[in-house]
Amino acid sequence: MINRLKSVNKRIWLSGPYAVWVFGFTVIPLCMIIRAALTAREGGFTTGNIVAIFDPIHLKAMLFSLEIAAGCTVLCILLSYPLVLAMRQLNMGKKGFMMFVLILPMWMNFILRILAWQMILSNNGILNFLLRSAGLGELSVANTGAAIMIGVVYDYLPYMMLPIFNAVAEINEDLIEAARDLGANGFTVFCKVIFPLSIPGLLSGIVMVFVPSMTSFVISDILGGGKLQLIGNVIEQEFTKSMNQNLGSGLSVSLMIFVLISMAFTMKNDREGKRSAIW
Amino acid sequence: MKKKIVSVITMGVLILSVALSGAGCAKKKAENGSLTIFNYGEYMDPDVIRQFTEETGIEIKYEEALTPEEMYTKYKSGAISYDLLCTTDYMLQRLIQEDELQKIDIGNMEYIGNIGEKYWELAKAVDPENSYTVPYFWGTMGILYDTTKTNGPVDSWEVLFNGDYAGEIVMQNSMRDTYMLALKYLGYSLNSNDEGEMREAQELLIRQKPDVQAYLVDEARDEVVAGNAAMAVVYSGEAYLGNQYNENLAYVIPKEGSNVWLDGWVITKSCDNIEAAQQFLDFLCREDIAMKNFEYIYYSTPNEAVINALSEEDRQNEALVPSDHATDNCEVSMQLSPEANDLMNELWKEFKAD
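Residue numbers (numbering that gives the first Met the number 0), protein chains in the order written: chain A, 0 to 278; chain B, 0 to 353.
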């Protein structure tokens, strides 16, 4: 027993490089951001930078970010479940071809993928070319909220799909057969067996999709044509153009508080679901 | 086996090149000293540096930056002592104001006469006595348009605001550039610090917003090249490149005037080999060297010897060699007062949120 403890103690040192990494690149920058957020531009303490999130311009950007993030999360969930169920039905495993195809785009830089979407959606783009060839008229999706939504859903779908897939793949076939023996139809099996058992995966999926889609700013700049602004764009402007790092930090902290609240909410449910299934 | 051979050869080449370059450096350092140069990325033909070292025996340590701000921060930190910097108008102005530079003995430079009088006048906006800066490249901002999609002349900023090309316009997603053209259209200075004028410009831009297809930076040119938009506000260098892809495109500097930018070389206060630094600047002005850089970069050059040697077609190209009267109403953009700068940021955010 004592021997085992000793070896555990020794192994803790192996986490040293990671600890240094986290301390240097997460903890220290975070402290700097919080300090800058609580400092007025002219110096001296203030909470004004954090409260600035309620300024109508910032609030509008924040609400639009929430709208995009919520929409993206819901769409990802709606797209993930049918796909995951089909993959389970067809016995496609984690190492299967389907999984490979789903993960493949993630090997490519996301900005390149977003630029590709810009080419697909633009007025003379691939989508409109296809529609025109089919005699269906034209769509103007480019530079609208819909284009941003397509971009974030495309980018973050794997992060929703994978944890749900992991949770669903682990469900014991016996449970489903038992449900069927007791007379449950497909829909009831999904509602009463599969869905409840997949909740841990769903929750980690939500965290991994909701948070980054709320804080993105490159996608909205490229696909939104710079006409729509998310809270990420406002923060970016404060840092890079207005050179007002204090306000930028303040808005970042408010955004972080918001993210933490939503994380706390999902974590609480996660614990009730007993185990989490981060892939 | 094949892999092994390849790796042995690679190792050999590496060792050899390190040894050679080491020896070369040591020799040249001993000869005539060295210069540390700080420039934008892709902003000088690498050949030019090689040739300078060959001719003079002065070793060049070359560093690149992306933005003037990055350059400024690195220079100020003092980690590396730079001898020569190449940067943009407003940053030149700032460095001069902060007393970071040494005067250049311009009268003693052999090839300085190649730089045209017009460009010294432009440089006066930031360097009133022409004593700190040697102009390097310059350019304008204007409208790149597709001649097959426009009817009537495009010669004024008005085409962006009168609704004729609604949905066909791409604007710059950059605050200063966008306010600049609105201010110019309204007949004000692009360096206006006046709140009323700035608000008037913002109103104009907000009214225009529904007609604008997108606010882009690097992709603005591509949208016109690809035929997605009829016109875009771009820098002249971009316009020249766009023309290479699609020959129906034309570039115009609107008659109300626009922004002229100017990049120039300066000698820093920390430079202790002034003679070598000056020799390098002179070298850049020499016709064959300036021509090499011009063909590498394709921005407008202030070197008249180069301009005279251009083909007739290039000389007619407004994006490459703007005609004299075209830049009459243009201004170099300068630092705004801190209050005006804050106001403009606020207005830009408001405008984006609208």
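Bear in mind the hints are in silico, worked out from the structure with no lab data behind them.
It should be emphasised that the depicted structure is a prediction, and the values quoted were computed from it without experimental measurement.
We put the CB at the ideal spot given by N, CA and C, even for glycine.
Treat the hints with care, since some could be wrong.
[Claimed, not checked] No farther apart than 27 Å at their CA atoms in a straight line, the calculated lysine-lysine pairs in the DSSO-like style are these:
{"id": "1", "chain 1": "B", "residue 1": "K75", "chain 2": "A", "residue 2": "K240"}
{"id": "2", "chain 1": "B", "residue 1": "K208", "chain 2": "A", "residue 2": "K226"}
{"id": "3", "chain 1": "A", "residue 1": "K59", "chain 2": "A", "residue 2": "K240"}
{"id": "4", "chain 1": "B", "residue 1": "K73", "chain 2": "A", "residue 2": "K240"}
{"id": "5", "chain 1": "A", "residue 1": "K240", "chain 2": "B", "residue 2": "K208"}
{"id": "6", "chain 1": "B", "residue 1": "K208", "chain 2": "B", "residue 2": "K351"}
{"id": "7", "chain 1": "A", "residue 1": "K240", "chain 2": "B", "residue 2": "K351"}
{"id": "8", "chain 1": "B", "residue 1": "K123", "chain 2": "B", "residue 2": "K268"}
{"id": "9", "chain 1": "A", "residue 1": "K226", "chain 2": "B", "residue 2": "K351"}
{"id": "10", "chain 1": "B", "residue 1": "K102", "chain 2": "B", "residue 2": "K123"}
{"id": "11", "chain 1": "B", "residue 1": "K291", "chain 2": "B", "residue 2": "K75"}
{"id": "12", "chain 1": "B", "residue 1": "K351", "chain 2": "A", "residue 2": "K59"}
{"id": "13", "chain 1": "A", "residue 1": "K59", "chain 2": "A", "residue 2": "K226"}
{"id": "14", "chain 1": "B", "residue 1": "K60", "chain 2": "B", "residue 2": "K351"}
{"id": "15", "chain 1": "B", "residue 1": "K123", "chain 2": "B", "residue 2": "K75"}
{"id": "16", "chain 1": "B", "residue 1": "K148", "chain 2": "B", "residue 2": "K75"}
{"id": "17", "chain 1": "B", "residue 1": "K268", "chain 2": "B", "residue 2": "K102"}
{"id": "18", "chain 1": "B", "residue 1": "K73", "chain 2": "A", "residue 2": "K226"}
{"id": "19", "chain 1": "B", "residue 1": "K208", "chain 2": "A", "residue 2": "K59"}
{"id": "20", "chain 1": "B", "residue 1": "K291", "chain 2": "B", "residue 2": "K60"}
[Stated by the list, open to error] Here are a few chain A residues that sit away from chain B, every Cβ distance over 10 Å (derived from the structure):
{"id": "21", "residue": "L29"}
{"id": "22", "residue": "L37"}
{"id": "23", "residue": "G42"}
{"id": "24", "residue": "V50"}
{"id": "25", "residue": "I56"}
{"id": "26", "residue": "G185"}
{"id": "27", "residue": "F189"}
{"id": "28", "residue": "I221"}
{"id": "29", "residue": "V233"}
{"id": "30", "residue": "K240"}
{"id": "31", "residue": "M255"}
{"id": "32", "residue": "A263"}
Quick rundown of the hints versus the structure:
Between K75(B) and K240(A) the CA atoms are separated by roughly 20 Å; this keeps the pair inside 27 Å, and the hint holds. Of the pairs offered as hints, the one joining K208(B) and K226(A) holds, with about 8 Å between alpha carbons and a cut-off of 27 Å not exceeded. Among the hinted pairs, K59(A) with K240(A) is consistent with the structure: their alpha-carbon atoms are about 20 Å apart, no more than 27 Å. Annotation: proposed proximity of K73(B) to K240(A) holds, straight-line Cα distance about 18 Å (limit 27 Å).
Under the criterion of a C-alpha separation no larger than 27 Å, the hint pairing K240(A) with K208(B) is consistent with the structure, at around 21 Å. Taken as a hint, the K208(B) and K351(B) pair is honoured in the structure, with Cα atoms around 9 Å apart against an allowance of 27 Å. Distance restraint check for K240(A) and K351(B): the Cα-Cα separation of roughly 14 Å lies within the 27 Å cut-off, and the hinted pair is therefore satisfied. Restraint check for K123(B) and K268(B): the C-alpha separation of about 20 Å stays at or below 27 Å, so the hint holds.
A threshold of 27 Å between alpha carbons decides the hint, and for K226(A) with K351(B) the separation of about 6 Å falls inside it, so the pair holds. With a CA separation close to 14 Å, the supplied pair K102(B) and K123(B) stays within the 27 Å bound. Distance hint between K291(B) and K75(B) is unfulfilled; the C-alpha atoms sit about 31 Å from each other, more than 27 Å. Of the supplied pair hints, the one linking K351(B) and K59(A) holds, its CA atoms being roughly 11 Å apart against a limit of 27 Å.
Between the alpha carbons of K59(A) and K226(A) the distance comes to roughly 13 Å, so the proposed pair stays at or under 27 Å and holds. A distance of roughly 43 Å separates the Cα atoms of K60(B) and K351(B); the hinted pair therefore is violated under the 27 Å criterion. This hinted pair checks out: K123(B) and K75(B) have alpha carbons roughly 24 Å apart, not beyond 27 Å. Restraint check for K148(B) and K75(B): not satisfied, since their Cα atoms lie roughly 49 Å apart, outside the 27 Å limit.
A distance of roughly 9 Å separates the Cα atoms of K268(B) and K102(B); the hinted pair therefore holds under the 27 Å criterion. For the suggested pair K73(B) and K226(A), the alpha carbons sit about 33 Å apart, so the restraint of at most 27 Å is broken. Proposed proximity of K208(B) and K59(A) is supported: the alpha carbons are some 18 Å apart, at most 27 Å. With a C-alpha separation of about 20 Å, the suggested pairing of K291(B) with K60(B) holds against the 27 Å cut-off.
Non-interface call for L29(A) relative to chain B: holds, since the shortest CB-CB distance, roughly 22 Å, exceeds 10 Å. No beta-carbon of chain B comes within 10 Å of the beta-carbon of L37(A); the shortest separation is about 20 Å. Every beta carbon of chain B lies more than 10 Å from that of G42(A), the smallest distance being close to 15 Å; the non-interface claim holds. Interface exclusion of V50(A) from chain B stands, the closest Cβ pair being 17 Å apart, more than 10 Å.
Separation of I56(A) from chain B is inadequate, the least Cβ-Cβ distance of about 4 Å not exceeding the 10 Å criterion. At roughly 46 Å, the least C-beta separation between G185(A) and chain B is larger than 10 Å, which holds for a residue marked as non-interface. Consistency note on F189(A): stated as away from chain B, and its beta-carbon is indeed over 10 Å from all of that chain's, at 42 Å minimum. The Cβ of I221(A) does not lie farther than 10 Å from every Cβ of chain B; its closest approach is about 8 Å, which violates its non-interface assignment.
The Cβ of V233(A) does not lie farther than 10 Å from every Cβ of chain B; its closest approach is about 7 Å, which violates its non-interface assignment. Distance to chain B contradicts K240(A) as a non-interface residue, since its nearest Cβ pair spans about 6 Å, not more than 10 Å. The claim that M255(A) lies off the interface holds: its Cβ sits roughly 21 Å from the closest Cβ of chain B, which is beyond the 10 Å cut-off. Once the 10 Å rule is applied to beta carbons, A263(A) is consistent with being away from chain B; the minimum gap is 29 Å.
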